[in-house]
Structure formats: C-alpha cells, structure tokens
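Participant: Take a look at the letters that make up each chain.
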Amino acid sequence: MRRYVIKRLAQAVGVLWAAYTVSFLVLDYLPGDPVTAMASAGMDSGQVDPEQIAVLRHEYGFDKPVLVQYAEYLSRAVRGDFGDSVSTGRPVTSTLADALPQTLQLTGAALLLAVVLGGGVAVVATYTARRWLRQLLLSLPPLGVSVPTFWVGLLLVEAFSFRLHWFPAFGNDGLRGLVLPALTLAVPTGAQVAQVLAKSLLTALDQAYVETARAKGAGRWRVHLRHALRNASLPALTVVGLLVGQLIAGSVVVETVFSRDGLGRVTAAAVTAQDIPLVQGVVVFGALIFVATNLVVDLVHPLLDPRIVVASGGKAALA
Amino acid sequence: MTALPDFRTPRWATLSALLTTSVLLTACGSSGEGSDSGSGRAKSGGTLTFAVGSDAGCVDPQQVASNETIYSVRQIVDSLTDQDPETGKIVPWLAKSWDVSSDATTFTFHLRSGVTFSDRSKLTAQVVKDNFDAVPKLGVLGALAEGYLSGVKSTTVIDPLTVKVAFKQPNAQFLQATSTHSLGIESSASVKKTPQQRCSDGVVGSGPFVLKQYVQNQSITLARRTGYAWGSSLWSKKGEAYLDKLVFKVVPEAGVRAGSLQSGQVDAISSVGKANEAGLRGSQVALQRRANPGVVFGLAFNNSRPALKDARVRQAIRYAIDRKQIADTVFPTGTRAATSVLAHTTPDYTSLASNLTFDAARAKSLLDQAGWKSGSDGIRTKGSRKLGLTINWIPNAATNQPALELIQQQLKSVGIDVVLKQLQVTQLAPTLQSGDYDAAWSNVTRADPDILRSSFSTQLANFYRVPAGDLDAALSAQAATTDTAKRKQLVAQAQESIVQNAYYAPVVELQTQLGVSKKVHDLDFDASSRIQLHDTWIG
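Chains A and B, in that order, give the protein sequences.
When we follow the numbering used here, the leftmost residue of the first sequence carries the number 1, and every step to the right adds one.
When we follow the numbering used here, the leftmost residue of the second sequence carries the number 320, and every step to the right adds one.
Please note that the accuracy of each hint is not assured.
Simulated crosslink set (DSBU-like; lysine-lysine; CA at most 30 Å straight-line) [to be verified]: (1) B:487 x B:807; (2) B:705 x B:683; (3) B:557 x B:805; (4) A:64 x B:837; (5) A:64 x B:512; (6) B:472 x B:487.
Covered, in the sense of this in silico footprint (three residues per stretch, anywhere, with C-beta under 8 Å from a C-beta of chain A), are these stretches of chain B [claimed, not checked]: (7) 454 to 463; (8) 574 to 581; (9) 744 to 757.
Calculated from the structure, these hints are not laboratory results.
Just so it is clear, CB atoms sit at the ideal spot from N, CA and C, and this is done for glycine as well.
Start from the sequences and build out the full structure, keeping to the hints where you can.
Facilitator: And the structure:
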C-alpha cells in the first residue's frame, strides 16, 4: 500500500510538471504578448505606443529567451511562488486563494446535486417496473449531456430569477445565490453519473449474486440498494473523479453567466489578457485538484470492494 | 453590444471574444426614447445599482481606458475643466479660469479655493503639478493620459492656486484633455503610489463620490462625499450629489444584464445591443443613447499598398459601401451612418454626407477608369492581378463581424474580393505598425478633433501610411491655434481631405446605449458619451 501511494504521488508530480510545461509552451506560441494585451485593454483601437511596450516588456522580463523565462518561472513555481499577475500586479497565489472558496462552494454543491439527482434517476429508472417511466428517465441523461451549459443557465435565470424572483440572477451572495449556478453545473455532470450508474446497475441486476440474494428471500428494494447498487457504484465512483475536472472547467461558463467570482472567472480573464503567470498558476492548481481527487478515488476503491487489492507490483487493479 | 457568447467554439476563441466584447464595448449618445428626466421633484438618498459588462481590473481613473469601468471611477475624481456635451465648449470645474498662450504651448490654470480631497488634503497648484509630473511615468498603463500630456516640457507652480503647463509644441487639444477622466486630479499621496497599487487599492480624489469597496470582477461600491461643494459648472445641482451610494455590479452576460434590469434587480445597465432592445422596450425601462465622439467605425486603408495607392480605388470602395443598410441591420437602433470621418458629436464636426452616399454605379465607373476590368467570376482584374482586399479586425464589438460581412457582400457586387482576417486584440497594434496589411476595421473615441492628427498626421505613427501633403498642414495648424473659428475651419479642411481622398472609408458612428429604469432621473451623458452621476436621483 505504501509503495502504491508513493508511486501515485510521483505520478501526480509528473502530471503537474507536464501541465505546467504544456501551458507555458502554448502561451508562448500564441500571437501577441501580455504587455500589449494589458496596454490595449479597453482601448478602442490599436493605437498603443510600440516603444513603450518594448520598455514594459523588458521590465517584466518577456524579452528574455523562452528557455530562460521557463527556467525562471519553473524554479520559482517549485517553491510555491507563481509571481505576480501581469494584469493586476497582485501575487498569483493570493489571487487564486481568494477565488478558490467560491469555486469550491460552487463545484461542491454541483457535485452533491449531480450525485443525488443523477443517482436518483438511475436508481428509479432501473427499479421501476413501469416501462414508460423507465424510458422517460433513461432519456434524460443523453439530453442533459448534450444541452449547452450556458443555455441551461440562462433558462434557469429567466424562470427562477427574472420571472419568479426566487433567486438572484448574479453574484456570490450566500446560499440563495448558489442554487441556480450549482444546478446549472449539475445538469451535465448529473447526467453522466446517471448514465454510468444506470448501465452498471442493469448489468449488476443480471448477475448471479442478485439471483442468490433474491432466492434467499431479500425484498426488491433491499436487493436493488444493498446488493446491486453497492457493486454498481464502483464505475460511477471512477467517473466522479473525472467529473471534478469537468466541473472546474465548467465553472468558467457558469461563473460568467452568473457573474460569480471564482477560479473560472479568474481563468477567463487571465486567458484573455494572456496573463502568463496567472494562467500558469490556474493550470497547475487545476491539475493539482484533479490529481488529488483521482488519488482519493483510487484509495477509496479498495475500501468499497475488498476484492480490489493492491497488487504487489504496485499496480492498482483498477488504475 | 455583447452578443450571447457561443460556448461551442474553441475555448480560446470563445474566451477572448467573450471578454473583449464586453471590455471594449462602449457606446454613447443623445438621450433616446423617453428618458423622462426632470419629471417630479428631485430628492436625495437611495442607492443606484448599475450593471456593467466587464471590469478593467483597475480603479485608477488615470489608467482606465474601458468605458465600462470609467462609468464608476469617473465619479471619484474632478477635472480641471468640463466639456459641454451640447456645444463641445470647455467650461470651469476645479479651475475657475485659464489662459492659453496664442501659440497654444502654455496653459495657465487658476484653481478654485477650498477644494479638498477625501483624505482631507487640499487642492493646490502643487497637487496638480504632482499629477501631471506622474502621468508620463504611467507610460503604456495610462496610455490615454500619457498621450494627452505628450510633449509636455514642464508644469510650474506659479502661486498656491495657479499652475502653468508648458509644451514643446503647440498642443491645442490639451484644454479638452483636462476635462477627461484620464487627467482627473488625484491627491498627492495617491499619485506617489505605484501604478499597480493605485489599480488595486484605488485612489483618493476630490469627486462627489468616494470609493468604498472594490472586489475585482464583482463590484465597485462608491459612497457620497459629504461636504462636496465644487461641482462642474455644467451640473444643475449645487453641492453634494443626490444619491447616497452607487453600486456597479459586473455582469458579463448581456442577456442577464437585460433581464436583471427588467426584473428590477438593477437600476441601469451598460452596452445594450440590438438583440436585447426588444425585450427592454415597453417595460419600465428607457433606452438612452448617444454617438461616441471621435473617429467613426470605418475601413482604415494602408494607403501605400499598390492597389490602394490609387485614389480612385479607395473612392470606389467608399461609394460601394451602403452605410444605411449596415447601420440599420447590424447596429442598435438609432445608430447613424457616418457623415464624416468624425462622429457628429465631436466638436468641429463637418457634415460631408454628400461625399458618403451609396452609389454602386459610380464605384464601378471609378474602378473601370482605374483599369480594373470585370472578370469572369465577377471579381475585377488588371493584367493578371485580382482586385482583392484583406480587412483585419479584432473581436472588440459583437457588431464587427456582421458589419464586415455585409461590407464584404457590398464590395463584391462592384467586383472587389474581400477577405476578412480576425486578429487577437494584441496583434492589431503590431500589424498596423509593421505596415503589412491592406485595411483594418477601426474607431477611436475622443471628444476633440485633434484625434485626426493622432490618426492621420504623417509626422506621428502614421499607421495608415497617408502620403505627406496638405492634410498635414491643416492637422498641425489646428493643433497650434487658439482661435476657435480658425480651428473649426482647419478641422473642416482636414475632414474634407480625408473623406474626399478616401484615406479612410467612414462607415457608422459607434453609439453608446444604456438601459435605465424609469425611476432613475437625470442620468446624463458627458461630452465623451460617458456618464456623470452627480445630478442623478431616484424617485
């Protein structure tokens, strides 16, 4: 188990480094540069003074060779210093630290909703004996995955904020402000949970142990929830690990539609301004969350299913 | 003017389009359908909530160039002068009066006494000097302010309330520049901070409102300055502002802004595009609009390109554009087709509408004269060359692409092949500078005709490669005269030269359009089509 954890951690570090390097190269490859972006922010035309841009570029070190810049940034990043945002002058780490709680709230609530709603749909669809209800419920996940998130968001705002006045349309104010954005973000996520869970529930219900349980006289609900769901939840759990990454990416759209502060908005702004230090910080941070979630998922697996043991070679059965 | 973002396009494109759209979009205008200012009796108190589309990431008026943020930070600072939006005339504000030397190189301002900043420090000639000395150090971060003071020789304190600004060259535009937010006067302590500190912490001004809180990407909150008594001579209310509090919320999605206004969650919104007009009409909302002064939207030619060197080709393009169709189909209601290179709200604007008519037959005959013959596919050729034009554009307004697609069709019908090339915002300046382009879709907001000199003088950047000639003389002379009648005549001459020679093909005036709840009164545009909120009240 210890070797397994160490190996996983080493893999995590490798992923972080790769994320950092790739994002650096992409940003460097893009046309334009952060200093021009900063100077032309809000200007009507391209009338910015090229000489002054050159001066500023020198001040920020963007005129150094790419490899030198990369080495400098990376060596600081390893020590947890991502430098200062080019567009605001604030340290990247504090910008991220300020935005993080908002996004954690949003993605946490969305994940909870997704699991409850998606799980509920899957369980009821596979349990019900009514054909029409099953068909209806099973048609929801593909729909949920395919509708654009921003459209769902605008629809919810129109109905529940502009018409019914139940929730605010924008902002970060408290629990009421969280409902609509979390619901928006939960739609595609919950749909995926439902899809995966329904499929593995149906598979599980065909298995011999279910027959055995039934033969022993267990009730339908008991068989469904205690036996089948327990086994079926493993693939769904693996998907949840991936969904966390999607939720964070989805926050760019949702935070924009609902004018919420958070990592998504920070990311969008940083990308537009080609704010290299800030984008780097966001990428590494996002990768960190993603890697950590998957690590937790992998470690939880053996607890749910004792049959999954960590092979002596250090290779996880489900990895 | 933001459209609904399309999140199905690749993320980079989406993000930049989305953000830049809201960032740059500024529009302005004379008041539109039924802004019922003046009804009922003005009263003090209340909070105005205003939803804007973007946050510039900075709350220093001297550095901010995005209208969406200028709306709020403008209220923090006073300027030496103000500009009458009706007449374009410069009138007193912090300066009671001023003297300009006859060669327009020195400007002496006589300040009001008794003005204080919100940190209780006093307005003196020294504070003004501190401001003007610090502005050039902002460099490109405060490009607007820095540009207004370019060529400054010295700022001298004559006595505690008299300050003299001297330039190396004649600089008639400076007087108007002192009326802008960019040269708004900040306390000495504020101007001593670094540009980044001023951006994130805000600045201390002498304005009718004081910055209370700035949450990046979320909101800017201002509170009324008690004891304020030195408002612009243009304002109707004397003393303090009516409103207790101003809250500017950042709401990037145009549809959410419009819905929030309709459902009463906010009192006013910026950047109302054509798509949201219908929904807002008929409700408890008035649309207020005013054309932005300055250089209108149009095609900025690279006048040194082989095909475009020929004035007849440029004039043919000018005649082939149906401005009215573009204004009516693409832009918000009330947008005017261009009638000069300057918008009609710019001081010293001259109507050249007769040169800017749509006349496809005339365009074709000019192209025939220039030796471009109709080809088999409808595109004209000369020898083996096709008559083609690449137009560079940046996604800083949702209207850019549809407008250009219409122009593409219109030019095709006279035999000109147009390719549209979208650039990143950051690519435009380097492209213009390099000279490797045919034409660019462009506009500049400025309430002084000197903007023509910045854009078309061959002695400055000359991004458009205009050939040296009479135009230069007119542009330099208007910058050097303090005689208003003479300046008007020189500016008229410059507009005629630019339009008749078709160095630039004017298309439409950019219009600022706000949505304002009918309970909000006297929310007025200033000369630059931005807003002042001192006289605004809710009732």
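Participant: Sort out whether residue 512 of chain B lies within 30 Å of residue 64 of chain A, counting only the CA atoms.
Facilitator: holds, 28 Å
Participant: Count residues of the region 454 to 463 of chain B with a Cβ under 8 Å from any Cβ of chain A, then say if the count reaches three.
Facilitator: holds (count 5)
Participant: Mind checking the alpha carbons of residue 487 of chain B and residue 807 of chain B for me, to see if they're no more than 30 Å apart?
Facilitator: Within the cut-off at roughly 23 Å; holds.
Participant: Mind taking a look at whether chain A covers the region 574 to 581 of chain B? Criterion is 3 or more residues with CB to CB distance under 8 Å.
Facilitator: holds (count 5)
Participant: Mind checking the alpha carbons of residue 472 of chain B and residue 487 of chain B for me, to see if they're no more than 30 Å apart?
Facilitator: holds, 6 Å
Participant: Holds or violated: are the alpha carbons of residue 64 of chain A and residue 837 of chain B at most 30 Å from each other?
Facilitator: violated, 55 Å
Participant: Taking 30 Å as the top limit, are the C-alpha atoms of residue 557 of chain B and residue 805 of chain B close enough?
Facilitator: violated, 35 Å
Participant: How does the region 744 to 757 of chain B fare against chain A when you require at least three residues with a CB closer than 8 Å, holds or violated?
Facilitator: holds (count 9)
Participant: Would the pair residue 705 of chain B and residue 683 of chain B pass a check requiring their Cα atoms to be no farther apart than 30 Å?
Facilitator: holds, 15 Å
Checked against the numbered hints given earlier, this structure breaks hints 3, 4; the rest are met.
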